[in-house]
Amino acid sequence: MIKLIGLELRRNKISTYLISSIIIAIVVLGFCFLFGYGPQIEASKGVLPSDTAFEIFMTWKGCIPLIGTISLGAFTVMSAIMNAKFTVEEYAGKKAIHLFSYPVKRSRILFAKCILVFSFTCIAMFTCNIAVISLFGAISNAVGILPETFTTSEFLYLLKTTAVLSLLAASVGLVAMRIGFIKKSLSWTIVSAIILVGPCGNLFSMFPDRTFTIMLIGMAILLVIGLIVFLELLSKVNKMEAV
Amino acid sequence: MDTQIAVQTKNLSKEFDGKAVLNRLEIKVAQGEIYGILGVNGAGKTTLLKLIAGLLEPTEGGAYVFGENSWKQRNKVLQNIGSLIEVPYFYEHLSASQNLSIHLEYMGVSADIDKALSHVGLPDVGNKPVSKFSLGMRQRLGIARSIIHRPKVLLLDEPINGLDPVAIREMRELFISLKNEGMTILLSSHILSEVEQTVERVVVIANGTLIEVANMEELKNTHQNNLENYLIGKMRGGKYND
Ligand SMILES: Nc1ncnc2c1ncn2[C@@H]1O[C@H](COP(=O)(O)OP(=O)(O)OP(=O)(O)O)[C@@H](O)[C@H]1O
Ligand SMILES: [Mg+2]
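Read top to bottom, the protein sequences are chains A and B.
For the first sequence, position 223 (counting from the first letter as 1) is numbered 223 according to the numbering used here, and the numbering increases by one without interruption.
For the second sequence, position 111 (counting from the first letter as 1) is numbered 111 according to the numbering used here, and the numbering increases by one without interruption.
Isolated chain B, as found in the complex (with noise of 0.2 angstroms):
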């Protein structure tokens, strides 16, 4: 084994109440790579960045993070994780330094929070509360935040939400960067394009079920002009056929 697995699921399923969500799902990602999490809305890649966060408890199997079990030992597994799960909760009446401060003190570190700041884009801003952020700048914020800590690897649910095209360019090259600084990346996504310009690897998921893992190089050279047909075939859990 050349690579370390940073991230594993071995037979994981989630239920809720009685209603499976995830079946059986087993995914590995290296150490290093950017691996997208593709699927239609409700297939479950939200419900997959929770288990693997240890906030949802599985139902049957298990998610892990360098080996840890994500829910049995969450607070070893989350001192290596740095997350972007749905809507970005702030301190509303703190600024944007103040929360990561904040946050910062809870992971137990220390970091430059401007040079944070103004990585994602947000040079100017720190002393305005958080209250006052457009939905683009709460959404920078959120990508700041679980960033500054440098976590060994970053959950990135839907991450260019509510993003101008100037930031989703400017946040995909910092997500290369990070990348090429050895953080291993796991971003959801229904925006076939952005998976298709920033994952290496991609698992498609429909109705909580794996259909496919797939290099990203490959497909393209594979299905060079009807990649997006393709993959759409997939996120509907079906078989795709010219």
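Next comes chain A alone, as it looks inside the complex (with noise of 0.2 angstroms):
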């Protein structure tokens, strides 16, 4: 299995991804610093924030759910590309004459694949957002762009909600994946992960004092949906032609 891993990543360009999520690290940044001064420019013009927008830009509860959920959605678009590229596409038209090509059981190659794309995710999202949050709470401790100090408990809390974002927009991709694979179709599968990623804003702010559990249960349900078309997806590909 290493070895089929190995194999994957010698033939795609897995650099690509490394720049794209630094890319999506740097302007999540930028909205951070957005975010963190939004409120300070309107109230020096005088507006003063409503009661919700100050809870969720003046406070790290409010705030790190919000970026958290940027680089979701910036996250699992790239994961959904990168399950078009490394999966969706292989399987397309001929190029699958070539896949079956190989003295290889075809559910561990796909297992492969989507392994990797599935782990790349969920690490690249989950280094990118801490990385970038904690910095931003590090220069918002320096230069006081949050009123609030960003402490152990705030980071433990970043810690909890991106670990469980990262497995969110994994298994968004895979679910993504598989809805892109009826099609064989790249646009199919990241427009399907768009609509499936779209809702979660909104979801997350619906009861902001349970951002944290509606975020576990969006995760669980989708990574469950993911794991049972991943299975489904791998007992058939055994079965599929290469027309």
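There are no misleading hints in this set.
Here's a subset of chain A near chain B, in silico, CB distances under 7 angstroms, partners left out:
id	residue
1	L7
2	R11
3	H98
4	F100
5	E241
Once the Cα atoms are required to be at most 20 angstroms apart in a straight line, the calculated DMTMM-like pairs of lysine to aspartate or glutamate come out as:
id	chain 1	residue 1	chain 2	residue 2
6	A	K236	B	E57
7	A	K105	B	E57
8	A	K13	B	E92
9	A	K94	B	E15
10	A	K105	B	E68
11	A	K105	B	E105
12	B	K128	B	E92
13	A	K239	B	E15
14	A	K13	B	E105
15	B	K76	A	E241
16	A	K239	B	E57
17	B	K10	B	E57
18	A	K183	B	D17
19	A	K85	B	E92
20	A	K239	B	D17
21	A	K95	B	E92
22	B	K72	A	E241
Bear in mind the hints are in silico, worked out from the structure with no lab data behind them.
Quantities reported herein were computed from a predicted structural model and do not represent experimental measurements.
The beta carbon of each residue, even a glycine, is placed where N, CA and C say it ideally should be.
Mind assembling these two chains? They're in different frames, but the hints should get you there.
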């Protein structure tokens, strides 16, 4: 299995996705400053932030899920693109002839592809989101962007939300891969991912006290669906024809 | 039985969306022979090769490579097969050598990549990305990939596609030398002259039905001046009359 994953890495350009992750991280950091300074700019114009806006932008409990959701959106789309490139497109049309010509169990090759994209998404999003928000926290502590201090307890909250959101991004990517597989199409994969991840922002902010619970439930549901459709595809790939 | 049967199809039928593409095809290919598959566009040549390579599930009957069912014991069969079916697919951003090296990893064998490249007339392109290759260079690389792991059975679907006359001759010589080393080669083509010059036996298929299996030497002797007419008649599925 390690060998098969290694082969996937050799023939796909993984550097593209490393660079994409870094770009996402930079953009997300930009959003951090935007949200962090937003209320101050508003206030300087004499507009006082509403209570909910204050909750979200001035407290770490509000800011971390908000920034996390932006990361979630970006990494879900990246995961969908990776799944499309590594998996969906490789089974489309004439490319399948090539992939199916090897005396290796087809389900093992598919497994290698999916596990690689799933773990890459998790690790990339986990690393980037933690790094970006911690950095922003440190800067905020130094120059006072948010009124609250970013302490260990905020960091722990960041760790657990990011862990859940990273798994959510990877799970949505997996489900989107399965949907894209129906049409063997890159755009179907990406659009499915966007449709699935789209409502997350609203869902998370629906009950501000329960944000983490909602994230956890959402992640659990998508992870289970992801595993089911993945196992279904594993059994199906052995019977696929290369037409 | 003095020679072993390398490839055999038994009652092999394939339908696409209810439309029959191959009808109860029965062929036997002996180990170490070059066997031609002749037919017009859409006759079913590619479909037959795909069935032998375990890429399609037969609607009825089966294809066998050294006695193993191509669809049901696919992984065993694929170990013995090298194939170039339809347009070869490569990892475009990688070089020819990298493509071959990954291929060997998947096949689970090792081989001399430089030697394989020079075998097919691509000695100095090892490090160039495949995206910069011409049509003929891709075809040569596809042939290199199909033989580098020393398969017992080689399936070639119109292997001379896009090749210049010099390359066509080189490939013909390559196929014959591979055959002399004991490789069994199935070669589909609709180019009569190529089939005439390369293969030992030929099966003519029309509309997915076997029209005739013949020994090439004998055909050449019997139809000295009108072999082309004869074969075209067969490919049309009809009977030929002098
Ligand atoms: N995936 C498919 N779905 C439906 N019909 C197909 C499919 N693949 C092949 N066919 C049909 O099967 C028939 C045989 O096709 P095949 O590709 O085997 O022909 P061929 O002899 O290789 O032709 P050519 O010389 O043009 O390559 C054709 O009528 C083709 O339209
Ligand atoms: Mg064909």
